[in-house]
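Visitor: Produce the entire structure from the sequences given, and follow the hints as far as they go.
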Amino acid sequence: MKEFMMIFIGADYSDLGLSPEDLQNRMGKWFAWSEKMEKAGILRGGNALTPQIRRVVGENRTTTDLTSAEVKEIVGGYYLVMAKDFDQVQEIAQDFPDYDLGGTVEIREVMVFDR
Amino acid sequence: MEPKLIDHLFRHHSGKMVSVLTRIFGLVHLDIIEDAVQDTFIKASINWRNQQPQHPEAWLTTAAKNRVLDIFRKLKTERNHLPKLSQGVDTIAINELFLDTEIEDAQLRMIFTACHPKLDARDRISFALKTVSGFSTKEIASALLLKDDTVKKRLSRARKVIQKADLQFKIPRGKMLRERLESVMEVLYLIFNEGFHSNTKAQLIRTELCGEAMRLCQLLLKRNDMRLSEVYALFALMCFHSSRLDSKINSNNEILDLKHQDRSQWHFPLIELGNSMMNKAIETETFSCYHYEAAIAAEHLKASSFETTSWDKILKLYEALHSLQPMPSHILTMAVICMQSNNYKQANNYFNKLNASDLGQRAYLYYAAKADYYASEHNFKAALKHIDLALEKVTNALEKAYLDKKRAIWLSANN
Chain A
1484 MKEFMMIFIG
1494 ADYSDLGLSP
1504 EDLQNRMGKW
1514 FAWSEKMEKA
1524 GILRGGNALT
1534 PQIRRVVGEN
1544 RTTTDLTSAE
1554 VKEIVGGYYL
1564 VMAKDFDQVQ
1574 EIAQDFPDYD
1584 LGGTVEIREV
1594 MVFDR
Chain B
209 MEPKLIDHLF
219 RHHSGKMVSV
229 LTRIFGLVHL
239 DIIEDAVQDT
249 FIKASINWRN
259 QQPQHPEAWL
269 TTAAKNRVLD
279 IFRKLKTERN
289 HLPKLSQGVD
299 TIAINELFLD
309 TEIEDAQLRM
319 IFTACHPKLD
329 ARDRISFALK
339 TVSGFSTKEI
349 ASALLLKDDT
359 VKKRLSRARK
369 VIQKADLQFK
379 IPRGKMLRER
389 LESVMEVLYL
399 IFNEGFHSNT
409 KAQLIRTELC
419 GEAMRLCQLL
429 LKRNDMRLSE
439 VYALFALMCF
449 HSSRLDSKIN
459 SNNEILDLKH
469 QDRSQWHFPL
479 IELGNSMMNK
489 AIETETFSCY
499 HYEAAIAAEH
509 LKASSFETTS
519 WDKILKLYEA
529 LHSLQPMPSH
539 ILTMAVICMQ
549 SNNYKQANNY
559 FNKLNASDLG
569 QRAYLYYAAK
579 ADYYASEHNF
589 KAALKHIDLA
599 LEKVTNALEK
609 AYLDKKRAIW
619 LSANN
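So the protein sequences, as listed, match chains A and B.
According to this note's numbering, the residues represented by the first sequence are 1484 to 1598, in order.
According to this note's numbering, the residues represented by the second sequence are 209 to 623, in order.
What the hints contain is simulated information worked out from the structure, not anything from laboratory work.
The structure presented is a predicted model; accordingly, all values stated were derived computationally and were not measured.
None of the hints are false.
Taking lysine-lysine and the DSS-like style, the derived pairs with C-alpha atoms no more than 27 angstroms apart in a straight line are:
(1) Lys346(B) / Lys1512(A)
(2) Lys1555(A) / Lys251(B)
(3) Lys251(B) / Lys1522(A)
(4) Lys1555(A) / Lys360(B)
(5) Lys355(B) / Lys1555(A)
(6) Lys1555(A) / Lys361(B)
Guide: Set out below in structure tokens:
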């Protein structure tokens, strides 16, 4: 078993004009998804990120504060899961609730260092 | 397994929170309030992904209270002045405003604001759906079959009028209350009809519109001074219609007219509720349009089959409704009723009082009814001519399919 990270990329909820009803429905889907992974014993952790962004770029360490509205796609959160391979994580990622909002799930394997 | 959230909890809570916060800060700050409330739901939807709180409603209410302070701070920094809280509300008073009865009172104030005569009649529904029912612009657009931009325009126009006229966030009293109630009932009736009568919409959004109209109507009935016989009649009407909302469409998503609906699918608890509401509604001397419409709906429900419907009674009720509120569509309906009871001569009399153009966008209904009239006389040539006219005018795919089906039958009968 290897450790993988599913990174969620897309527009921030606050920039999409979602209704309370829609938010409740999406929350239900997220909840069901995490519960499913929990039950399968594969969920290692995860977090959601707030939409404020501070970027430090380049040699001059140029610093800019950005809002999610200025950046079309931001990383909204991630989950860490245990799986055999990419194909298996791809299968897990089918239940990601926000594809219809143009969301992306990026799957990355956590690097293991030799001792 | 965690307890499942109550259906529409967020939607209903949104209307409550916007209303209570508006009561505290005043209609002037509606924009900020709506944004703040929206923010709470985004937070909740992310916070609750992994674990839901034990008492979701209490969580939301606490969040709303905390919002009071946030908004207070925001107003202070943005406008560099302390907001004038309406009626000098202090912390203790703020807590009281979050009691259930006070929340209901705030929601009613919002409904009455949405139905203020200064607002354009078309803007009232959109504004009510947004502020009282927590619909998004997009949801309103698909519910009312409007473009997103049109809804945005209506909402901002309504807000401007409210600011410009400096409307107070109050429920009018005495004679004014009665007048405004008329407008409130009309808005609720229109919201309900958007759900019930439009076959163009997805079943889900239709059920939700009807549900919202009924929820708001029930709020009116909780108040002593609003329990007018018309309000009871309106609620009865909604109960009767809703009882057969699910049977209007079959599993293939095809429209079923009254004749072909499976009567065992009707929802009887709603019919019973409608009956008891109707009993309260008729404790009066004068009947409103809602009384007659409810009575007509009840008459349809009483019949055990389409064939045993008492068309004579229904025709009389329509005559009464038409004299109270003359409308071309009533005349057309009466023509159709006469055809049901094989009274073609009288049906023709009604047809002669009408031109297709009287019915505006619904002219196809006139042609379709006339086509039925000719078909019943076995004049399939004329029937086909009229159904073609109807097909030319009809825009909705489901209704078009329904007419096409009829046409095919007559075509084979004609050959």
